[in-house]
Amino acid sequence: MRFFQHFGEYLLFLKAVFTMPEKGKIFVKQIFIESNNIGVGSFAIISLISTFIGAVSTIQIGYQLVSGILPDYLIGRIVRDSNILEFAPTVTSLVLAGKVGSNISSEIGTMKVTEQVDALEIMGINAANYTSLAKIVAGVITIPILVLYAMMLSLVGGALSGWMSGIISVESFVKGLRTDFMGYNVVFALTKAYTFSFLITSVSAFQGFRTQGGALEVGESSTKAVVYSCMSIIFFDYIISQLMLFK
Amino acid sequence: MIVIENVNKTFGTKHILKNMSANLYKGKCNFIIGASGGGKSVLMKCMVGLVTPETGSITFDGRNFLKLNYKEKINVRKDIGMLFQNTALFDSLNVEENVAFPLRMFTDFSEEEIIERVNFCLSRVNLINLNKLFPSNISGGQKKRVGIARAIALNPKYLFCDEPNSGLDPLTSRVIDELIKDITKEYNITTVINTHDMKSLFVMGENIIFIHQGSKWWEGKKEGIRSSGNNELLAFMEASEF
Numbered sequence: 001m002r003f004f005q006h007f008g009e010y011l012l013f014l015k016a017v018f019t020m021p022e023k024g025k026i027f028v029k030q031i032f033i034e035s036n037n038i039g040v041g042s043f044a045i046i047s048l049i050s051t052f053i054g055a056v057s058t059i060q061i062g063y064q065l066v067s068g069i070l071p072d073y074l075i076g077r078i079v080r081d082s083n084i085l086e087f088a089p090t091v092t093s094l095v096l097a098g099k100v101g102s103n104i105s106s107e108i109g110t111m112k113v114t115e116q117v118d119a120l121e122i123m124g125i126n127a128a129n130y131t132s133l134a135k136i137v138a139g140v141i142t143i144p145i146l147v148l149y150a151m152m153l154s155l156v157g158g159a160l161s162g163w164m165s166g167i168i169s170v171e172s173f174v175k176g177l178r179t180d181f182m183g184y185n186v187v188f189a190l191t192k193a194y195t196f197s198f199l200i201t202s203v204s205a206f207q208g209f210r211t212q213g214g215a216l217e218v219g220e221s222s223t224k225a226v227v228y229s230c231m232s233i234i235f236f237d238y239i240i241s242q243l244m245l246f247k
Numbered sequence: 001m002i003v004i005e006n007v008n009k010t011f012g013t014k015h016i017l018k019n020m021s022a023n024l025y026k027g028k029c030n031f032i033i034g035a036s037g038g039g040k041s042v043l044m045k046c047m048v049g050l051v052t053p054e055t056g057s058i059t060f061d062g063r064n065f066l067k068l069n070y071k072e073k074i075n076v077r078k079d080i081g082m083l084f085q086n087t088a089l090f091d092s093l094n095v096e097e098n099v100a101f102p103l104r105m106f107t108d109f110s111e112e113e114i115i116e117r118v119n120f121c122l123s124r125v126n127l128i129n130l131n132k133l134f135p136s137n138i139s140g141g142q143k144k145r146v147g148i149a150r151a152i153a154l155n156p157k158y159l160f161c162d163e164p165n166s167g168l169d170p171l172t173s174r175v176i177d178e179l180i181k182d183i184t185k186e187y188n189i190t191t192v193i194n195t196h197d198m199k200s201l202f203v204m205g206e207n208i209i210f211i212h213q214g215s216k217w218w219e220g221k222k223e224g225i226r227s228s229g230n231n232e233l234l235a236f237m238e239a240s241e242f
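Chains as they are written, first to last, in this note's numbering: chain A, 1 to 247; chain B, 1 to 242.
It is possible that part of the hints are untrue.
Said to hold, decoys possible - Taking lysine to aspartate or glutamate pairs in the DMTMM-like style, the calculated list, with each CA pair at most 20 angstroms apart, reads:
| id | chain 1 | residue 1 | chain 2 | residue 2 |
| --- | --- | --- | --- | --- |
| 1 | B | K132 | B | E96 |
| 2 | B | K28 | B | E97 |
| 3 | A | K25 | B | D108 |
| 4 | A | K25 | B | E111 |
| 5 | B | K181 | B | D197 |
| 6 | A | K25 | B | E97 |
| 7 | B | K18 | B | E54 |
| 8 | A | K23 | B | E96 |
| 9 | B | K71 | A | E22 |
| 10 | B | K26 | B | D169 |
| 11 | B | K73 | A | D81 |
| 12 | B | K157 | A | E121 |
| 13 | A | K23 | A | D118 |
| 14 | B | K157 | B | E178 |
| 15 | B | K71 | A | D118 |
Claimed, not checked - Covered, in the sense of this in silico footprint (three residues per stretch, anywhere, with C-beta under 8 angstroms from a C-beta of chain A), are these stretches of chain B:
| id | segment |
| --- | --- |
| 16 | 10-23 |
| 17 | 82-95 |
Derived from the structure by calculation, the hints contain no laboratory data.
From the three backbone atoms N, C-alpha and C, an ideal C-beta is built for every residue, glycine too.
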């Protein structure tokens with residue numbers, strides 16, 4: 001029962017968020033600031049994680065395919081598909097749910113408990129729209145770009161680890177990458193990336209916006225933002241996979 | 001002028017405001033006093049639209065706030081300036097940007113005009129050369145002054161001050177009191193001050209409303225408090241050593 005109540009509140013929150021901003025110029029400026037915070041601010045952690053995920057997946061797939069029967073380049077192909085279909089969009093989004101989600105939630109939650117949100121409301125400003133819309137738009141713009149970047153870097157990491165560990169040569173790995181490449185897989189990954197970016201930013205903003213109390217509650221909201229974002233990512237990962245891979 | 005009539009507000013089973021009625025006059029410092037938990041803050045939140053009462057009316061110069069549609073409410077809110085207890089300055093913006101915020105949101109002023117107005121408001125509250133500092137880098141008294149500068153940036157008709165002296169030393173409190181009083185007279189604003197501070201009340205109070213257990217217990221001028229015969233009010237005053 002509480003789930004439906006929260007879900008209803010979430011929808012009402014989105015209704016308040018998706019209205020025309022008070023001043024377009026200020027809104028555009030906010031989008032640039034938030035894009036910098038979300039996108040550029042997450043660049044380093046995504047670089048590190050995606051490179052190592054690519055590297056580890058190459059080693060593990062190489063370990064499982066040591067038979068002499070299957071050609072080497074299959075490692076590259078499997079690394080490519082597993083990273084494009086799952087690791088890059090999902091793991092990147094889960095990491096960003098932790099980094100970006102908690103940041104959004106605690107920022108808005110702190111504004112709420114220090115009456116900054118009340119100050120906006122009293123001025124006649126739609127506080128949900130002002131505090132959250134630019135973050136959601138910036139997230140939807142930058143997170144898919146980060147996912148594309150993570151895809152590329154994981155393949156580079158995979159090639160490097162294969163070459164350094166002697167599991168597979170770079171030439172064979174690249175051959176695997178180019179074998180039976182399906183552009184649809186990237187479309188699928190981007191569909192997930194757009195969905196997850198919306199979920200991370202909107203769920204976290206909602207959790208921040210419903211914060212009441214003090215520092216303790218801001219911390220709780222931040223934790224809830226990460227947990228609910230991750231849960232919704234996993235749930236929609238399943239739904240999108242079912243809808244787009246087995247039509 | 002703000003007219004409050006028969007306002008009732010409950011939270012769950014708690015009846016916080018009971019048939020509250022009061023008049024708050026233009027060009028005067030209207031004080032709402034009373035013990036903690038008595039309903040002062042809820043009444044102020046009802047007036048500024050953060051809390052909606054179940055019954056009654058709150059009229060701003062003939063406009064019944066509770067009956068207005070969303071756009072009309074926003075127009076009333078643009079006439080309201082508020083100084084919060086904890087100042088509620090936007091901590092991601094510096095002093096200048098905080099004061100400029102309502103101007104940027106609601107006016108078509110050029111950047112030069114905005115800066116000119118910001119500097120005027122900051123000089124009005126005796127703050128100079130702090131424009132580029134962030135709220136975390138200034139003192140409590142300075143934050144209050146920035147809060148007042150932001151509140152008056154759009155020339156409001158109504159100024160609400162929630163515990164304007166809380167957390168301030170006596171000297172700074174006096175400066176803030178004088179500032180609020182001067183601004184009220186200068187711009188002929190309806191100022192509503194929610195406080196426990198009886199010293200402030202005796203310095204600048206003109207219309208006093210004493211709230212006790214959610215009801216208006218007494219209303220009048222500060223000169224009439226001692227002769228009010230109202231035991232709760234006199235006890236409240238005694239406890240404040242006046």
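Task: 20 angstroms Cα cutoff - pair K157/B, E178/B - done: Roughly 19 angstroms separates the two Cα atoms, so the pair holds.
Task: Restraint status (C-alpha distance of K28/B to E97/B at most 20 angstroms) - done: Answer violated: K28/B to E97/B is near 30 angstroms, above 20 angstroms.
Open item on the list: For K132/B and E96/B, compute the direct alpha-carbon distance and say whether it is at most 20 angstroms.
Closed with: Satisfied, since the Cα-Cα distance of roughly 6 angstroms is no more than 20 angstroms.
Task: Coverage claim, chain A over the segment 10-23 of chain B, checked by counting residues with Cβ within 8 angstroms (three needed) - done: violated (count 0)
Open item on the list: Check whether the Cα positions of K25/A and D108/B lie no farther apart than 20 angstroms.
Closed with: Holds: K25/A and D108/B sit about 11 angstroms apart, inside 20 angstroms.
Task: Pairwise hint evaluation, E111/B against K25/A, where the allowed Cα distance is 20 angstroms at most - done: holds, 13 angstroms
TODO: Verify the proposed pairing of K18/B with E54/B, using a straight-line Cα cut of 20 angstroms.
DONE: holds, 11 angstroms
Open item on the list: Run the distance test for K181/B versus D197/B: straight-line Cα separation, threshold 20 angstroms.
Closed with: holds, 15 angstroms
- [ ] With a C-beta cutoff of 8 angstroms, work out whether three or more residues of the segment 82-95 of chain B approach chain A closely enough for the coverage to hold.
- [x] n = 8 at 8 angstroms, threshold three: holds.
Task: Hinted pair K25/A and E97/B, Cα distance within 20 angstroms - done: holds, 15 angstroms
- [ ] Compare the distance between the alpha carbons of K73/B and D81/A with 20 angstroms, and conclude whether the hinted pair is satisfied.
- [x] The hint is violated at about 55 angstroms.
Open item on the list: So if I understand the rule, the pair passes when the alpha-carbon distance is 20 angstroms or less; does K71/B with D118/A pass?
Closed with: holds, 18 angstroms
Going down the numbered hints, you'll see the structure goes against 2, 10, 11, 16, while the others check out.
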